[in-house]
Amino acid sequence: MEEKVIVCKDLTKRFGDFYAVNKISFEVNKGEIFGFLGANGAGKTTAMRILCGLSHPTSGEAMVAGFDVYKQPESIKKNIGYMSQKFSLYENLTVVENIEFFGGVYGVSSSEIRKRSDNLIQKLGLTAEAKKLVGALPLGWKQKLAFSVAIFHQPRIVFLDEPTGGVDPVTRRQFWDMIYEAAASGITIFVTTHYMDEAEYCNRVTIMVDGKIEALDSPANLKTQFEADNMDEVFYRLARRAKRSGD
Amino acid sequence: MKQLLVFIRKEFFHVFRDKRTLLIMFGLPVAQIVLFGFALTSEVKDITLTVIDNSRDANSQQLIRKIKSSSYFIVNESSIDYNDIANSFKKGTTKCALIFPAGFGNDLQHGGKAQLQIITDGSDPNTAKTVVNYITAITTAYQQEISPSPQLPYTIVPESRMLYNEEGNGSLNFIPGVMALVLMIVCTALTSVSVVREKELGTMEILLVSPFKPLMVLIAKAIPYLILSLANFVLILLLAVFVLDVGIKGSILLLFMESMLFIITCLSFGLMISNTTNSQQTALLLSMMGLMLPTMIFTGFMFPIENMPKIFQLISNIIPSRWYFLIIKSVMLKGLGFEYVWKETLVLLGMTIILLTIALKNFKTRLS
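Keeping their order, the protein sequence lines are chains A and B.
Those letters in the first sequence? Residues 1 to 247, per UniProt numbering, in order.
Those letters in the second sequence? Residues 1 to 368, per UniProt numbering, in order.
By construction, these hints were calculated from the structure, which means they are not laboratory data.
Note that the structure is a prediction, hence the values are computed from the model and not measured.
Among the clues, some could well be false.
Said to hold, decoys possible - To be clear about the criterion: a stretch of chain A counts as covered by chain B if any three or more of its residues have a C-beta under 8 Å from a C-beta of chain B, and this derived list gives those stretches:
| no. | stretch |
| --- | --- |
| 1 | 72-82 |
| 2 | 90-97 |
| 3 | 173-182 |
Idealized CB from N, CA, C, for every residue including glycine.
Required output: the full structure, derived from the provided sequences and hints.
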């Protein structure tokens, strides 16, 4: 029996009579790369915000890293990392200062921060840029750095909200190499994306339509199930059913 | 605790790397002080002076000649009646008058002491004060010149009166006024912008996902600006004392504590603004443009609040800088102690608590 790090049951978020997330249920295993797909406005971000403790669900159950989203949001926060759609490091801080800041906020000890940040900067090949302001780095590097910062405190789960938006294909490839590496070290990856080629990299994907989960399986199984050649086609078939338009 | 320190350090990095913030923070007060200071205390030249000489003796004529020969006055020796002076002030035809009583020279030579009256238009307190100072200086020089011996000096006592503004408010008023204005604008604007910037850039989301408590975010945001604002306050004070020669009569510690309270009021206000807006521009517009005019008008250092219509007097009560201005004026210029300003202090404290409560409440509801 594999360890479950995220368990959702009938999770619902309602704004007035609008069901942003409508009774979704799924489980995510430890070390899995779990893709969360859906058109704009399908409810991906809302679902993710609930799991991160940024938003309270209206009803249903959810356990993240073994903690209840209603009762133990603080414990959840200590065990997860998060990277948002917007670039989320401080542009007028240097590479090292950003690492030190986020490490410090997550309560990593100073000596540990120094050790890990030296390794990290070396691994990313940013030795020459370590003391430069992050704003001066190219976007691809920024995104890789943002991901490294999101997993710097060694969380059990990392939530990535469209992490590769606007990044060139080569960098995207490198980015996914980093994701694989993190998953191999036991960190569970929960990622939303618009790129269907990226969906193929995931162990399992869910496709959300109008706040509901319409499909959940490995990319290979989904292609068989929907008699499609690639994930693009699977996505189109499902997304066409959507009644509400994107935002 | 360590998390808080890390956060505060980061805020300082932001401030010191942002030239615009630094400019607003320290450039604005310096510019204001220098502008107000020198624009308000600059030399006054070519003042038309009405002289009424009821004595017409050698001494009064000598003194009038002295005044004429200085470059400051254009002397108008009119023979208007003493009783008409008030009227000509009202009409604005006279801005200042010098009156020699009958028997001026006689008093001086036999009694060794004579009087002189200077009347000025107090609605323009700076000119009025300058005029009094000039005439006093000239008469002092003159009395020394004609004194028969240093042991028995003649004294001419100029009695000055400022019509419409007996206290002579205005010339020193502006320092506490500018302090109130600058601290209010700078603290509010910078705090609100610093929180909103995090929202705009998306880093606020990251902070909210982190185990860092939202309340701590606000505290960590406020502390650097509190420290910087206090530095700012000291800068203004130093400028006032060393550049503009404004003495501090009261306790510096009290001044400092009151200013700290006022800064916290402004920080709370800034935090409240930041909770209700989502873009730096709106925050800046609200806190700078929206506050500048009411603060200038209702603080009371430019226009006396007592002369405003009732409704504006009521409005002025909700402007924090008004109360701070009263406190600072009492402590700094009049040298009064806490027992004279505790009411104003209490008002400020109340405002701070209300603003802070609203700010915290709004900040929490944004999370759910």
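For this session: Please write out, lowest number first, the hints stated earlier that are contradicted by the structure.
Result: 3
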